[in-house]
Amino acid sequence: MNKGRSGESLERKTARWGWFFVAPGVLFFSAFSLYPILNAFWTSFFNKKLLSLKPPKFIGLDNYGKVLSSPDFWNSVGATAIFAAGAFVPMFLLSLLFAVLVTSRTRWRRGIQMALYSPAVLSSVVAALIWLLMFDPRGLANQMANALMRTPGIDHKWLADATMVRISTIVVYVWKYVGYFTILFVTGIGKIPQSVNEAAVIDGANAFQRFFRITLPLLKPTTVLVSVMILIQCLKTFSTQYLFTQRGAPLGPINVLTLNIYNTALRDQNLGRASVMAVLLFAFMLLLSWTQIRFSRSGELES
Amino acid sequence: MKRMAALAAFAIFAASAFAQAPVIPELKGKAMEITIWTHEDPNRVPIEQRYIAEFMAANPSVKVTYVTYPSAKIREIITTGFAANQGPDIFNLELFDEYPFITNGRVAPVDFKMAGSKDLKDLESKYLPGMLTSVIDGGKAYGLPVELTNWCVYLNKKIFRDAGLDPDKDWPKTWEDVMAVSEKLVKRDGQIITRRGFDFRYPYYLTSIVPMVEQLGGELVSRDGKAILNDAAWLKVLQYFKDFGPNGKNLGSPTYTDARKLFDNDKNEIAMSLSGLYQEARMKNANPAFYNSKDWMVIPFPQWKDAKKKVPNNYYGHYYMVNAQSPKIEQQASWALLSYMLSHGQEYLEKVAIVQPMKALMESATLKAMPYSDVFVKDMNAAHMVYYGASSSKIDAMLKEAFESVMLAGVEPQKALDKLRKDVTAALAEQ
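Same order as they appear, the protein sequences are chains A and B.
So that you can map any letter, position 281 of the first sequence is 281 in our numbering, and since no number is skipped, the others follow by simple counting.
So that you can map any letter, position 151 of the second sequence is 151 in our numbering, and since no number is skipped, the others follow by simple counting.
Mixed in with the good hints there might be a few duds.
Unchecked claim - No more than 30 angstroms apart at the CA atoms, straight line, and that leaves these computed lysine-lysine pairs for BS3-like:
id, chain 1, residue 1, chain 2, residue 2
1, B, LYS184, A, LYS66
2, B, LYS63, B, LYS184
3, B, LYS328, B, LYS121
4, B, LYS422, B, LYS378
5, A, LYS57, B, LYS422
6, B, LYS236, B, LYS415
7, A, LYS57, B, LYS308
8, A, LYS54, B, LYS422
The set of hints was computed from the structure by calculation and includes no laboratory data.
When you get a sec, could you build the whole thing from the sequences and use the hints?
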């Protein structure tokens, strides 16, 4: 083993510098992610009220029982599942499609990438506010939909119908994040050796075959990463639903878990129950990520 | 006449230029910073900032930071601030939103001496009977009212005439009239409404919708603590909303721009909207030509044709309160400052059109001279205070959910009512 003058291995020295460089990230994660997670877990066992100055009472699993038997919680689970499924499929397919289009072009490539990515730069609140103006009954969404479908004067009730309001939140989310995931796919496609594609061309493979036989299989690590990230992003959705309900959209159909957590904490002032929902959401996201990564690894082994 | 107006203007200018806030001996030499969080109001903010400047000039050791937030956001901002034990020294909210702050021990009791009163009895004697009851607990008062407000219906006469109606005769007296008149006034481009006849103040269900139920004999919370009484009354109001909304007669919806905000513009977008007397001051500011025209009027809060009792729109109070976690000396300074600010009831009335519930102000010539103030006063005399309790904010949100689910999401009134009863009962049991 390579030893330094002090007899310390190079590996250990490198590791020490590694710790030095990751320390800010670890500290940041500990303060703003790990501590709140642990705190939420702890709080979920107490009868803690937001405004109360009295010390919270330990109530064991009582909050868990109340939350799990609450129809509102299960409605939120349903709303979150519908949103996640509804946003995941178009977001995944569109970002992959855009990535293929971007990488296949030489002209305007940067411009298209910028145009696709620009909504991701906006804050979620600004994005939701822009779309609120568009979804106003007299706004652009109705005008464009009616012009395209040749249905003048129809109010598509973007915010005033249970199904449409779900679709509206999905539209906003896909519009906002599709560019971000496109960039991830573009990076993944860029890592595929050009020589593999060139060999396939020489062998007579057409574009369709190259995509399904070469690009897609070699893109598997990126695909897994992007799908996990999209799902987690969808489960964390909040601002769009929050702002839409503030502007009169019905709560039930879009009362996703994060919004329920917010309302339980701030409106109902019940931090204990809000923490239970936060813990359950976190556990579900953890399980989902683990399953997805494990599934993709087993696929790798088989192949 | 012009000379009189000039003299009056000079008198107001002189009064404000030489206004002298009291010097508080207890605060002398004690440096401190007081923060006030309040809701935006283009007419109230400048006068309150002036009172604060005067108070700081008289008490130089006190620095006051005055922060305003949008009305729709302030409850959450104040709640978050208090949850983090970083609440402001002084704040105000609508009574049903700020009452939980009292029940959770977040509000300091009024310091009678600093507030310019001898004791609770003396403080109460300055207001109309019962006006402090909602903020009194255990012989202590926890707030000073900056306004007591009820809503009536503002009506645009031009739009009525445009629809072939005579505003002086055809103004709606009942909720059935509101629906019928709205159908005549509404204009649409296909299904999309371009002019509404009437629309509600949607997020304010406790204030404005519960009275509709009470008119029919229903109750939100009974004296013995039971929730949602008289299903027939509730179902009738829920059905009314269903019929009124986009899936019914398509006369209005919470997803359109707030009716109150559009009314002042006088752009043929809304014929009737609910608001308080303060709307007159806002209209005067935003659209003086419309304010000075004879093209608008105010009518009483409608009643049902088969109403069991007359119940106008609930009145609600905005009370200034002081943070119990602020140091004692800052609490004293806060009550002294509030006492000084609120001693200008006449100016609040003249410039902001908000009324402190004091006998002198309610009977003042200023109030009587304000257009249609008699309509507001008459309705207020027959009305009662909005429901407030430890869970009032939560219950307001539950009402919103129930009514909007029926109006927009296609939920049947009976199903929405059953859920509402269950939710409100649970909220009451937990408080």
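Does B/LYS184 pair with A/LYS66 here, judged by a C-alpha cut-off of 30 angstroms? violated (49 angstroms)
Next pair to validate is A/LYS57 with B/LYS422; report whether the Cα-Cα distance is within 30 angstroms. holds (25 angstroms)
Compare the distance between the alpha carbons of A/LYS57 and B/LYS308 with 30 angstroms, and conclude whether the hinted pair is satisfied. violated (46 angstroms)
CA of B/LYS422 to CA of B/LYS378, is that 30 angstroms or under? Distance of about 36 angstroms is beyond 30 angstroms: violated.
Quick one, are A/LYS54 and B/LYS422 close enough, alpha carbons at most 30 angstroms? holds (28 angstroms)
30 angstroms Cα cutoff - pair B/LYS328, B/LYS121: holds (23 angstroms)
Compare the distance between the alpha carbons of B/LYS236 and B/LYS415 with 30 angstroms, and conclude whether the hinted pair is satisfied. holds (13 angstroms)
Satisfaction of hint between B/LYS184 and B/LYS63, Cα-Cα up to 30 angstroms: violated (56 angstroms)
The structure shown violates the earlier hints numbered 1, 2, 4 and 7.
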